[in-house]
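The numbering used here puts the first residue of the sequence shown at -4, with every later residue one more than the last.
Treat the hints as calculated values from the structure; they're not laboratory data. Take the hints with a grain of salt, since some may be wrong.
Cut-off 20 Å, straight-line C-alpha distance, at most; resulting in silico cross-link-like pairs (PhoX-like, lysine-lysine) [as the list claims (entries may be wrong)]:
| # | residue 1 | residue 2 |
| --- | --- | --- |
| 1 | K28 | K98 |
| 2 | K28 | K41 |
| 3 | K31 | K98 |
| 4 | K158 | K119 |
| 5 | K23 | K128 |
| 6 | K28 | K16 |
| 7 | K31 | K52 |
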Amino acid sequence: MVQIQYPYNHNGNISIIDVLKMKMYVFKDEGGKPEKLEIPDSEKEKAGQLHNDLVEKAAENEESLMEIFFDKGTLNEEELKDGIRSGMAHYSFFPVFCLSGAKNMGSGRLMGFIDNVAPSAVDKPPFNTANNKELSYDGSKPTSAFVFKTQYESNIGKITFVKVITGACHWTITY
-4 MVQIQYPYNH
6 NGNISIIDVL
16 KMKMYVFKDE
26 GGKPEKLEIP
36 DSEKEKAGQL
46 HNDLVEKAAE
56 NEESLMEIFF
66 DKGTLNEEEL
76 KDGIRSGMAH
86 YSFFPVFCLS
96 GAKNMGSGRL
106 MGFIDNVAPS
116 AVDKPPFNTA
126 NNKELSYDGS
136 KPTSAFVFKT
146 QYESNIGKIT
156 FVKVITGACH
166 WTITY
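Take the sequences, apply the hints, and build the full model.
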């Protein structure tokens, strides 16, 4: 796991220090948009160390990024995003965020990360099925799906959760 954010109390307000963007997000009211501020001097050393850890972990995921890291000692924002995306696609990088669903704090930043940094299904390497058949995420192939959970809800009945691997699903839900 790699820390992308950590909580911070800024003058009694709930705040998050983001070491990817190197900004502090201050939430002055529940559900509101945060105010983006510079990281306070008292937190710059900790944020800088966590940012360096993040850069090192991102660089470890690709040979070309390791070379850039050894040459320059850092990665620019695009290179950092590429390293994070590659690490997540290969299950070697697990980002940690701070947020509250109950208070709607931090979810916007997480959604932005998913949209702009996280890998899509096509970025992930193929995997082997139980029959040792290799499957890649591909929308042009016939539909195949992985059932990962089935549960019973008293007011609905049996619910089955699936992850579509190839093709597209055009299912109709009826009650």
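Hint check:
Of the pairs offered as hints, the one joining K28 and K98 holds, with about 11 Å between alpha carbons and a cut-off of 20 Å not exceeded. For the hint linking K28 to K41, the alpha-carbon distance of about 25 Å lies beyond 20 Å, and the restraint is violated. Using a Cα cut-off of 20 Å, the hinted pair K31 and K98 holds, with the two alpha carbons roughly 18 Å apart. Restraint check for K158 and K119: the C-alpha separation of about 14 Å stays at or below 20 Å, so the hint holds.
Proximity of K23 to K128 is assessed by CA-CA distance (about 53 Å); at most 20 Å being required, the pair is judged violated. With a C-alpha separation of about 17 Å, the suggested pairing of K28 with K16 holds against the 20 Å cut-off. Under the criterion of a C-alpha separation no larger than 20 Å, the hint pairing K31 with K52 is inconsistent with the structure, at around 25 Å.
The structure is inconsistent with the numbered hints 2, 5 and 7, although it conforms to all the rest.
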